[in-house]
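Colleague: So you can see what is in the structure, the chains are spelled out below.
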Amino acid sequence: MELSGLSVDQAPPISAPLRFYLTAPLFAIIAGILIFFSESSILMSRYSLDSIVITHALTLGFLGFIMLGSLTQMLPVLAGVIIPKVDNISKISYLFLTLGTFSMLLGLSLDSSTFTTLSIPLLGVGFILMITVISLAILKVKNFNATVKAMATSLVFAAFTVIMGLFLLYTYINEDFAQYRNMIANVHSVWGIFGFAGVLIIGVTFQVLPMFYVAPKFKRFCKKRVVWLISSGLVIWLFTSIFVESYSIIGKAWIATFFWAFSTTVWLKLSARRRPISDVTVWYWRSASLFLTLGSFLWIFDEYFKHEYIVMVAILLGGGFILSIMIGMLYKIVPFLVWFHLNAMGYMSIPTMNEMINKTLARTQFVLFMASLAGFICSFYFPYLLQISAGSFTISMIILQYNVIAPVLIYVKVKKTKPDFDMSMFAKVD
Amino acid sequence: MSTIKDFLSADHTKCDELFAHMEDVASKSLSDAKEACLEFQQETERHFQMEERVMFLEFETKTGMTQGPTAMMRQEHTQMRGLMSKMCDAIDADNIDKFFGLSETLMILLQQHNMKEEQMLYPMAQQHLSAESEKIIQMMETLIVE
Numbered sequence: 001m002e003l004s005g006l007s008v009d010q011a012p013p014i015s016a017p018l019r020f021y022l023t024a025p026l027f028a029i030i031a032g033i034l035i036f037f038s039e040s041s042i043l044m045s046r047y048s049l050d051s052i053v054i055t056h057a058l059t060l061g062f063l064g065f066i067m068l069g070s071l072t073q074m075l076p077v078l079a080g081v082i083i084p085k086v087d088n089i090s091k092i093s094y095l096f097l098t099l100g101t102f103s104m105l106l107g108l109s110l111d112s113s114t115f116t117t118l119s120i121p122l123l124g125v126g127f128i129l130m131i132t133v134i135s136l137a138i139l140k141v142k143n144f145n146a147t148v149k150a151m152a153t154s155l156v157f158a159a160f161t162v163i164m165g166l167f168l169l170y171t172y173i174n175e176d177f178a179q180y181r182n183m184i185a186n187v188h189s190v191w192g193i194f195g196f197a198g199v200l201i202i203g204v205t206f207q208v209l210p211m212f213y214v215a216p217k218f219k220r221f222c223k224k225r226v227v228w229l230i231s232s233g234l235v236i237w238l239f240t241s242i243f244v245e246s247y248s249i250i251g252k253a254w255i256a257t258f259f260w261a262f263s264t265t266v267w268l269k270l271s272a273r274r275r276p277i278s279d280v281t282v283w284y285w286r287s288a289s290l291f292l293t294l295g296s297f298l299w300i301f302d303e304y305f306k307h308e309y310i311v312m313v314a315i316l317l318g319g320g321f322i323l324s325i326m327i328g329m330l331y332k333i334v335p336f337l338v339w340f341h342l343n344a345m346g347y348m349s350i351p352t353m354n355e356m357i358n359k360t361l362a363r364t365q366f367v368l369f370m371a372s373l374a375g376f377i378c379s380f381y382f383p384y385l386l387q388i389s390a391g392s393f394t395i396s397m398i399i400l401q402y403n404v405i406a407p408v409l410i411y412v413k414v415k416k417t418k419p420d421f422d423m424s425m426f427a428k429v430d
Numbered sequence: 001m002s003t004i005k006d007f008l009s010a011d012h013t014k015c016d017e018l019f020a021h022m023e024d025v026a027s028k029s030l031s032d033a034k035e036a037c038l039e040f041q042q043e044t045e046r047h048f049q050m051e052e053r054v055m056f057l058e059f060e061t062k063t064g065m066t067q068g069p070t071a072m073m074r075q076e077h078t079q080m081r082g083l084m085s086k087m088c089d090a091i092d093a094d095n096i097d098k099f100f101g102l103s104e105t106l107m108i109l110l111q112q113h114n115m116k117e118e119q120m121l122y123p124m125a126q127q128h129l130s131a132e133s134e135k136i137i138q139m140m141e142t143l144i145v146e
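Chains V and C, in that order, give the protein sequences. As numbered in the numbering used here, residues 1 to 430 make up the first sequence, in order. As numbered in the numbering used here, residues 1 to 146 make up the second sequence, in order.
In short, the hints are calculated from the structure, not lab data. Ideal Cβ positions, reconstructed from N, Cα and C, are used throughout, including at glycine. Take the hints with a grain of salt, since some may be wrong.
[Said to hold, decoys possible] From chain V, some residues computed to sit far from chain C (all C-beta separations above 12 angstroms):
| # | residue |
| --- | --- |
| 1 | PHE37 |
| 2 | THR55 |
| 3 | MET74 |
| 4 | VAL77 |
| 5 | LEU139 |
| 6 | ILE173 |
| 7 | ASN174 |
| 8 | VAL208 |
| 9 | VAL214 |
| 10 | ARG275 |
| 11 | PHE297 |
| 12 | PHE305 |
[To be verified] Simulated crosslink set (EDC-like; lysine to aspartate or glutamate; CA at most 16 angstroms straight-line):
| # | chain 1 | residue 1 | chain 2 | residue 2 |
| --- | --- | --- | --- | --- |
| 13 | V | LYS359 | C | ASP97 |
| 14 | V | LYS217 | C | ASP97 |
| 15 | C | LYS86 | V | GLU355 |
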C-alpha cells in the first residue's frame, strides 16, 4: 500500500495548490471587466464570441484552476496516494494553462488566429499533463471509496471536455469544421458542467460536508449509485441529442433529477449538521444548493422555449452552483493549508484559520457576488442592470482575490520573521 | 469480531460526537463548555494513547517502520494536543472568537488526520496485525491513560 501521502515531506508542497488558487480569482476579475464592456443583447446568445470568451475566463481560468489545485491537494488525503513529482508537474501545467487561457481569450476576442493557434497546444499540454498524472496516481489507489470513484469519473469527462474544447478552438482556425461547432459545443458544455465539475463536486461533498460541518454522512445508495446514474444520464443525453434529438429531454430530465436530488440532500444535511456555526462557507453551500435546483429545472423547461433561457441556465449552474461551491471551499482550504504547513514547521504562535480572513470582507464579498448573480438574471429583462451587476461581480472577485492572498501573506511573514519555536507544544497534555 | 480498523474508526466517531456537543454547548454559553471541552480532550487523549502506546508500537515492531506513517500521525497528534489545550484556555479567558477559531482549525486537522488513518494506516495495520488483532483491541480497551 502507498503510504507516502501520510508524510508531510512528500505531501504536496503548499505552493502546488496555492499557485492555482491565487491565480483563479484574477480570471474572474477579467471576466467581470469583459461583461462590463459587453452588451446584454450579445451575451443573450451562448454562441457569440463575447459569451464564449467570458464563459471561458470563468470556466477555464477560475473553475479549472481551482479544480486542478484541489485535486493535487485532496488526492493524498482522500485517496492515500501522491501525484509523482507533483510540484514540478503542477508548475509546468500551471504555466501552460495560464498562457493557454490568456492566448485563447486574446485569440477569440481579437479574432487573432495566431493566439488561437497558440492556445491549442498550450491548453492541450497543460490539461492532458495534469489529467494523465492524476489518473495514473488514482490507478494506484487500493481503497477505492465513493469520492475516489467520483474523481476518476470526473477525470474521464474532463478528458473528453478538453479534447472537444481543443477541437472547437481548431474550428476557429479552420472554418471547414465550423459546421460541427454548435453540436460539439453543446456536448462540451454539458459534459464540462455536469460531468467534470458536477461529478467532482458531488464526490468531494460526500467527504467535505460530514468533515467540515459534522453533517450526517451520505447514505450508501447515494454514495454508490449517484455518480454512476449521472454518468449514464450524460451518455444517454449524448446519444439522444445527436441521433434522436426529440428524445434528448429524457437524458436531460434524468441528469437534472439526480442533481436536484443531490442539491436537496445537501440542504437537508446542512440543516441536520451538528456544528452550530454558520459562517460564509455555509451560506455558499446553501446558495449553491438553491441555484442548482433552479438551474436544473430551468434546463429542462428551456427545452420547450427554443433554448431561450440557456444563458440563464448557465448563470444559475455555472455561477450560482459551481462558483459558489468553489469560493466557499477556498475560504476553508487556503487558511487551513497556511495554518497546517506553518504548524507542521514548528511555528506555534500563529493565527487560527478564522483569524486569517476578515469576516466582514468575506461577507461583503458574498453579498456582492449574490447581488451580481441576481442582477445578471434580471438583466435579461432590464438590460441596463448588466453594467451595475458586472461592477458588483468584479468588486466581489477583487475582494476574493484579497481574501485568498491575506492568509498567504501571513505565511510569508511568519516564515520571514521566524518567531521562536514553542517547544512546549510538543509536551503531552495531562 | 471487531477489527482494528473498525474499533478505532468507531472511536473517531465517538470523539466527533463529543466535539459537536462541546461546540453546541459553547455556542449557547462559553463558560458552560468547560466540562464538555475537558471530556472531549480526555477522550481524544485516550484515543491518541491507544494508538501511540499500543497499536503504533505493535505496527512499528512488526513492520520495522518507525519513521514512516506512525511518525507523521504522532506529529499531528502533537499539533492537536496543542490546539485542545489552547481551546480550554480560551474558555477560561471567556474568549469566544478565539475558542471557535481554534475549534474550526482543530476540526479540519482532526478530520483530515482521521481520514488518512482510516483510508491508509488502519487497513495496513489490520493487514499486518490480523493475527494479534483481538489482543491489540483488548489492550487498547483496557489502557489506562497516562
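Colleague: Looking at the structure, which of the earlier hints fail to hold?
Modeller: 3, 4, 8, 9, 10, 14
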